[in-house]
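Guided by the hints, dock chain B onto chain A, whose structure is given.
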Amino acid sequence: LRKNVEDFTGPRERSDLGFVTFDITADILNGKNGLQTFWKKNTLIIFDWNVKQLFLYLSAEYSTKNNALNQVVLWDKIMLRGDNPRLSLKDMKSKYFFFDDGNGLKGNRNITLTLSWNVVPNAGILPLVTGSGHVSVPFPDTYETTKSY
Amino acid sequence: PGAAMDLFGDLRRMNKRQLYYQVLNFAMIVSSALMIWKGLIVVTGSESPIVVVLSGSMEPAFHRGDLLFLTNFHDDPIRAGEIVVFKVEGRDIPIVHRVIKVHEKGNGNIKFLTKGDNNEVDDRGLYKEGQNWLEKKDVVGRARGFLPYVGMVTIIMNDYPKFKYALLAVMGAYVLLKRES
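Just so you know, the protein sequences line up as chains A and B, in that order.
So in the numbering used here the end of the first sequence lands on 176, straight run, no missing numbers.
So in the numbering used here the end of the second sequence lands on 829, straight run, no missing numbers.
Same shape as in the complex, but just chain A (with noise of 0.2 Å):
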């Protein structure tokens, strides 16, 4: 679903707005759907001793005319230790506008979602890892006029 709308949240041009709604599910203690840590290799704990708070974000990732690389994030979550790790989310709306610079987003058949986090320690080094998993989503050619969101 993608419409054509003043974006007026930046620059005062027409410009892609994109809506997207996802589901996620995502096991982060257990390490399935391939979510790994590079903290120890063979334990597959991402909430250890040393990590205050995971940051999760989904970005979409994509290519257009305008830009080679577009990277936007769409949705974001910060999970405490202790928080339930386990993330089982159906049917979101975007929480940030999945706003194109320009109108690239317009029959664009390769939107790539992937969701990554970026661990906060207590104290020491902040990586940022991605989640194996990632999912692809085309935008269709033409442009909604009707206020469905």
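If you are wondering where the hints come from, they were derived from the structure by calculation, not from laboratory data.
It is possible that part of the hints are untrue.
Here are the simulated PhoX-like pairs of lysine-lysine, each with C-alpha atoms no more than 20 Å apart in a straight line [claimed, not checked]: (1) B/Lys776 with A/Lys92; (2) B/Lys776 with B/Lys735; (3) A/Lys122 with A/Lys92; (4) B/Lys753 with B/Lys785; (5) B/Lys753 with A/Lys92.
Simulated coverage check for chain A against chain B, where a stretch passes if three residues somewhere in it have a Cβ under 8 Å from a Cβ of chain B [what the hints assert, rightly or not]: (6) 91-105; (7) 145-157.
Just so you know, even glycine gets a beta-carbon here, dropped at the ideal spot from N, CA and C.
This is chain B only, laid out in the frame that chain A set:
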């Protein structure tokens, strides 16, 4: 008072040579510290490799007073999710926030948008008038590591200058009066 009189007595008894020696010692310590700092700037590629978090806009990850270690390698691409420290053109205060949008052209030209984890809206309100994106040149560095609380000393020294002078006076007195036996 007895100890203070002893101290002044010591000072007067110190001859010129000893004084020069102490001053040189002190100068060496300062030079070494500066060299280490410059070395860090070169190795990390960042003009300010260690910064103190000044606001709560990245809580609960970072709090006011935390220390961040940065790198700014030229070849490191800027990607969504990274924590960058940047300066708005014309302002001196570095801001620590996360990259939420990236648009990169084939020729390497990047423009990106940032937002503090704890803020409701993105940083466009913080940028210069009319500025909608940040560029590589605005970046001081990328946060690679962090230590909690340690930077509080800098904040206290900034907010209470008397504390800073007192600290410097104590340090100066210690170095000048310390004797190698």
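Against chain B, does the stretch 91-105 of chain A show at least 3 residues with beta-carbon separation below 8 Å? holds (count 10)
Holds or violated: B/Lys776 to A/Lys92, with C-alpha atoms at most 20 Å apart: violated (28 Å)
Taking 20 Å as the top limit, are the C-alpha atoms of A/Lys122 and A/Lys92 close enough? violated (26 Å)
Hint consistency between B/Lys753 and A/Lys92 [alpha-carbon to alpha-carbon, up to 20 Å]: holds (9 Å)
Would the pair B/Lys776 and B/Lys735 pass a check requiring their Cα atoms to be no farther apart than 20 Å? Since the Cα atoms of B/Lys776 and B/Lys735 sit roughly 10 Å apart, the hinted pair holds (cutoff 20 Å).
Hinted pair, alpha-carbon criterion (20 Å max): B/Lys753, B/Lys785. Please report holds or violated. holds (16 Å)
Do three or more residues of the stretch 145-157 of chain A come closer than 8 Å to chain B, measuring C-beta to C-beta? Contact hint for the stretch 145-157 of chain A vs chain B: holds, 9 residues under 8 Å.
Hint violations for this structure: numbers 1, 3, all remaining hints satisfied.
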